[in-house]
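There are 2 protein chains.
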Amino acid sequence: MSQKIPRIEIVAVGSELLTSHFQDTDSPYIVTQLEKLGLTPAFRTILSDEEEILRQGLQDALQRSELCFIIGGLGPTEDDRTREILASLLKKKLIFHEEILTSIRQRFARRGLTMPPSNLKQAYVIEGSQILPNHHGTAPGQWLEERQKIIVLLPGPPQELQPMFATYVRPRLERWRIYQVYQARLKLTGITESQIEEKIKDLYPSSGQPQLTTLAYPGQIEILISAQSQNSLEEAQEKVNQMVDKLRSRLGAYIFTTQGEALEEVVGQLLRQRGETLAVAESCTGGLLGHRLTNIPGSSDYFRLGTVVYSNEAKIKLLGVSPETLAKYGAVSQEVAREMALGLQKLAGTTHTLAITGIAGPGGGTPSKPVGLVYTARAGEDGCQVIKNQFLGARELVKFQSSQKALEMLWRYLTQLQE
Amino acid sequence: MSQKIPRIEIVAVGSELLTSHFQDTDSPYIVTQLEKLGLTPAFRTILSDEEEILRQGLQDALQRSELCFIIGGLGPTEDDRTREILASLLKKKLIFHEEILTSIRQRFARRGLTMPPSNLKQAYVIEGSQILPNHHGTAPGQWLEERQKIIVLLPGPPQELQPMFATYVRPRLERWRIYQVYQARLKLTGITESQIEEKIKDLYPSSGQPQLTTLAYPGQIEILISAQSQNSLEEAQEKVNQMVDKLRSRLGAYIFTTQGEALEEVVGQLLRQRGETLAVAESCTGGLLGHRLTNIPGSSDYFRLGTVVYSNEAKIKLLGVSPETLAKYGAVSQEVAREMALGLQKLAGTTHTLAITGIAGPGGGTPSKPVGLVYTARAGEDGCQVIKNQFLGARELVKFQSSQKALEMLWRYLTQLQE
Numbered sequence: 001m002s003q004k005i006p007r008i009e010i011v012a013v014g015s016e017l018l019t020s021h022f023q024d025t026d027s028p029y030i031v032t033q034l035e036k037l038g039l040t041p042a043f044r045t046i047l048s049d050e051e052e053i054l055r056q057g058l059q060d061a062l063q064r065s066e067l068c069f070i071i072g073g074l075g076p077t078e079d080d081r082t083r084e085i086l087a088s089l090l091k092k093k094l095i096f097h098e099e100i101l102t103s104i105r106q107r108f109a110r111r112g113l114t115m116p117p118s119n120l121k122q123a124y125v126i127e128g129s130q131i132l133p134n135h136h137g138t139a140p141g142q143w144l145e146e147r148q149k150i151i152v153l154l155p156g157p158p159q160e161l162q163p164m165f166a167t168y169v170r171p172r173l174e175r176w177r178i179y180q181v182y183q184a185r186l187k188l189t190g191i192t193e194s195q196i197e198e199k200i201k202d203l204y205p206s207s208g209q210p211q212l213t214t215l216a217y218p219g220q221i222e223i224l225i226s227a228q229s230q231n232s233l234e235e236a237q238e239k240v241n242q243m244v245d246k247l248r249s250r251l252g253a254y255i256f257t258t259q260g261e262a263l264e265e266v267v268g269q270l271l272r273q274r275g276e277t278l279a280v281a282e283s284c285t286g287g288l289l290g291h292r293l294t295n296i297p298g299s300s301d302y303f304r305l306g307t308v309v310y311s312n313e314a315k316i317k318l319l320g321v322s323p324e325t326l327a328k329y330g331a332v333s334q335e336v337a338r339e340m341a342l343g344l345q346k347l348a349g350t351t352h353t354l355a356i357t358g359i360a361g362p363g364g365g366t367p368s369k370p371v372g373l374v375y376t377a378r379a380g381e382d383g384c385q386v387i388k389n390q391f392l393g394a395r396e397l398v399k400f401q402s403s404q405k406a407l408e409m410l411w412r413y414l415t416q417l418q419e
Numbered sequence: 001m002s003q004k005i006p007r008i009e010i011v012a013v014g015s016e017l018l019t020s021h022f023q024d025t026d027s028p029y030i031v032t033q034l035e036k037l038g039l040t041p042a043f044r045t046i047l048s049d050e051e052e053i054l055r056q057g058l059q060d061a062l063q064r065s066e067l068c069f070i071i072g073g074l075g076p077t078e079d080d081r082t083r084e085i086l087a088s089l090l091k092k093k094l095i096f097h098e099e100i101l102t103s104i105r106q107r108f109a110r111r112g113l114t115m116p117p118s119n120l121k122q123a124y125v126i127e128g129s130q131i132l133p134n135h136h137g138t139a140p141g142q143w144l145e146e147r148q149k150i151i152v153l154l155p156g157p158p159q160e161l162q163p164m165f166a167t168y169v170r171p172r173l174e175r176w177r178i179y180q181v182y183q184a185r186l187k188l189t190g191i192t193e194s195q196i197e198e199k200i201k202d203l204y205p206s207s208g209q210p211q212l213t214t215l216a217y218p219g220q221i222e223i224l225i226s227a228q229s230q231n232s233l234e235e236a237q238e239k240v241n242q243m244v245d246k247l248r249s250r251l252g253a254y255i256f257t258t259q260g261e262a263l264e265e266v267v268g269q270l271l272r273q274r275g276e277t278l279a280v281a282e283s284c285t286g287g288l289l290g291h292r293l294t295n296i297p298g299s300s301d302y303f304r305l306g307t308v309v310y311s312n313e314a315k316i317k318l319l320g321v322s323p324e325t326l327a328k329y330g331a332v333s334q335e336v337a338r339e340m341a342l343g344l345q346k347l348a349g350t351t352h353t354l355a356i357t358g359i360a361g362p363g364g365g366t367p368s369k370p371v372g373l374v375y376t377a378r379a380g381e382d383g384c385q386v387i388k389n390q391f392l393g394a395r396e397l398v399k400f401q402s403s404q405k406a407l408e409m410l411w412r413y414l415t416q417l418q419e
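From first to last, the protein sequence lines stand for chains F and W.
According to the working numbering, the first sequence is numbered sequentially starting from 1.
According to the working numbering, the second sequence is numbered sequentially starting from 1.
Same shape as in the complex, but just chain F:
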């Protein structure tokens, strides 16, 4: 049986987190970890280092919340005041721990350095705290249970906080795991958010279970489906799977994954299964399509080569695009896209080729060929297919949507899914 769920607050300490130059990445990490246990914080707070502010913010958190994660301000400098202020608010002493000092000294010694005196204060721990060892830095974490409040002190650097959380904090939170959470992550392409809404609006569960969340990017929509159960993972899983089946029956021709992989990964898996190969020719995307494909470990199994044919000369020399076609139709045309894909087929000898030519902007548009006009082509055993696209958005968005559409063409061909 689990215990009553505490009211949770995450507090990140650091003046730099209140500027535009730094982001608090620790709190989102803890949110994600809590979600895995079915827990949600009630408050998230960022506090400046200033003594008066820090004291006020910590005091409010201790009063209104029952489980407080307090991140940062445990370093050796004068600005690091979390330990001292918290002890004073709780009316507790700071206790010196010889074994912490030894471990800090050893850490410096391993790098051939002597511990500076300023690190001494990191060997002090609030009276009654359990020590959470830091295997990746000098400041240990602390777990303090006190008058029905639980206070967890964690170091700010993510490379220290994350392993500490996984090893020493996560197990201590298991007592509150009442929900089993199961989640599916659908990704769709070739359809807009409002088209999806039209098709599935009657499926939104009135009870809020399972929960549906839609995230829209240009060229890609995600639908997150999650459910809880007080009994078992299987029960939660079942609720999610039923919804996935319903969504698939309405949207199947656009869903390329239910597990959250990127489109380049899904396409890569299909190619690997079939023992087939791919080459790409890019003009306006400038290498992005190759970059995305090669972000997937092991992509050398199927990805053979790419060409970034930014100039007309490169299109002619590398891919054998005909100068007459370029002169007659222009570089951004159905004909040139076709000759790129077919020329690449000859050059690379791969099962499939993809080609992209278009105007990414902001310059280079004309009334008849506006910014965002992009031709995507796919060639294979069946011949060559070209699609004319008109994308919206800034340069990088046009590049992303172009690479996404080329991948979608290959995905549709490999899966035989019709739009």
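Hints are computed from structural coordinates only; laboratory data are not their basis.
If a hint is listed, it holds; no wrong ones were tucked in.
Derived DEER-like restraints, expressed as beta-carbon distance ranges:
#1 F/235 - W/327: 52 to 62 Å
#2 W/197 - F/110: 17 to 27 Å
#3 W/213 - F/92: 31 to 41 Å
#4 W/101 - F/250: 29 to 39 Å
#5 F/238 - W/145: 50 to 60 Å
#6 W/145 - F/117: 46 to 56 Å
#7 W/79 - F/174: 28 to 38 Å
Even glycine gets a Cβ: it sits at the ideal position worked out from N, Cα and C.
Place chain W on chain F using the hints.
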């Protein structure tokens, strides 16, 4: 003369902001806007929609802070409780405004719709508030001055909040602008954060003016320098410029910009000035270098072509790398990097070429050629130069550092800056 600066808190309301699926983008926007006036918040808070939590969080904010930006929870649904709870905390009435209702109705009418009854509550404003018109949505903002506290209510959708802030909030904040802020953004490559620390630690101003902030990424370090003046922008500018000069005298050989541009942009400007051209050959970076170069608008002025020669066959066929060299030294070798850069020179006929071959990981490493081993080559009129690198980090980090090192080689050659 400016007034005493209030203690500022930014409060974002919404349970979705406490999940891993949504991010609060409004608070960072307001932080950036405040910075332009020299203002910094003391607290940032995210509150769930739950009535008890919201009430507690708003009450704490009103008690501890003097200027509160409260974002979201102004919509038409049951979960939108900010307006009501705030009125109750302040013991104020909500006053109906006919002209707001009219404008909401007109908004629906323009889309051919009738206003649903639930939107009626958006026409209510806290007694004494100044109305901040919403030209991009239905919920107006509110500006309330009350017992030395200022409360600013803003709608959550960024496309509504941002224009409202710029037009109606920003001018009202001018009374606290006491500092003129001036900032330089240095970017360095080819040097580590600790090497920089060694070289400049005596330059950190004891008074905290100008302020130095260092941001380290693999392959790139940024130093932000900002200063304030109570008198004029020029005075702040002068403080920053003096520090930039000092840093340049110590670190000049690594600073590629003082204005924050990306390295691919700086290299592109140099090429454009000289009327020279570039082609790239990529193996382990898979198109990233071409992608980065072509993210810069107008890059077709100097960027001609790229090849992504992922397979040995592609290296041979496209770049004329010799099969013997590949067999003798392996694809990841100084010799192959050289032949790639020189082969590309022949193929592309550009002033400069860059080539990259290496092991991005996580697979493919051996004891003698570990993951992260990357050869970067540059060829030009002077011949060919190859550098052996051992990068650390995950696949995408190795790819980024490799592309950065290739760009650095060309930058050093074009500027004649020696490491």
